[in-house]
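Listed below, chain by chain, are the residues.
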Amino acid sequence: MELLSEDDLNLKDMTPEEVDRAWDLWFDLAQATNDFDPPYTHGVFVLCEPGKVSI
Amino acid sequence: MHNLYFDLTRELNEEGPIAALASGQAVVFYRVAMMSKDGDWILKETEEACRRALAVLTRYGARYRPGAPLDLRWLAGGWSSHFEFFDPLGRRIRCDFVTRPPRIAREEVAALFTQPAEPTLVVRIEPLIRMKRTQRAKDYPVIGELARLLPSEREMELTTDPDRVVALAPLYGQGSKRRAVQAALAGRPREDVVVELAREADRMQTEDRLRLERYRAAAERYLREFQATDFSGFLLPEAHERLCELAERWLPRDPLALGGPNDGTAE
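Sequence lines, in order, name chains B and F.
Using the working numbering, the first residue of the first sequence is number -9, and each one after it goes up by one.
Using the working numbering, the first residue of the second sequence is number 14, and each one after it goes up by one.
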């Protein structure tokens, strides 16, 4: 059993340029969900829910 | 366009190693998955490293998000600092820093910054796997894939994939203390291996949640004050100074120092 999708696993076979292009496309698409992202994905504040303020 | 998080890693380390790329972007670096929109670094615990990281972030026009100041007074207590800016295409870039990552011994962190120079400094697989033992269920399949990049003996000890445990236990399992491995080695049904792995993951998730709960409780008042304070109009260096003043009043430096569940560095 392989745990991730075939698309993910194929990353290993790509050239560095292809990985860069794949990242760029993925990152572009991922912007669409910015407003719905949790405030934190790393660090020690992940259980906190502050507003979306930056200073 | 390059992955900006990789570019930032190189930029942070231009004058010597101070920042190792971790978590989701490290998973991208190892070509396991495209799985994170944010960047997460382990920063060397020195004032110089904080100063250089702030300088790089200032050049990009970054702003603080609610979080601890990038300052050793709080980073050494396990707190994390959070920043955000937008790239030339208007895409959101989030940058998070810790100097005391959970479940990584301090000597291991220090060794990150003494290893031979690499173009992109990235946390190695085994500590990355330990960092991924979070309260989030979605990190555990990724651990299984990361473990595949290790030698088989180590994969057996770290994988979350029951089929890999079943396959590797007869070859390398003698003497292993891992219950899932012992179940496979004893020839018990596959279901028993699955159950042992699930229990193990549940213990890890619970430990991480307990640790984070202590930080959440300790940060409550500080975050309220953060929200109520108007920092607009200040560039990052000035905002940093004001945030340090706020943290001195409201953010305990080390919420784990009073006892309770461990800080996650004990292996």
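It is possible that some hints are incorrect.
[Stated by the list, open to error] With a Cα cut of at most 30 Å, we get these calculated BS3-like pairs of lysine-lysine:
id	chain 1	residue 1	chain 2	residue 2
1	F	Lys151	B	Lys2
2	B	Lys2	F	Lys50
3	F	Lys151	F	Lys50
Hints listed in this document are in silico derivations from the structure and should not be mistaken for laboratory results.
Those earlier numbered hints the structure runs against, lowest number first | Checked against the structure, no hint fails, so every one of them is satisfied.
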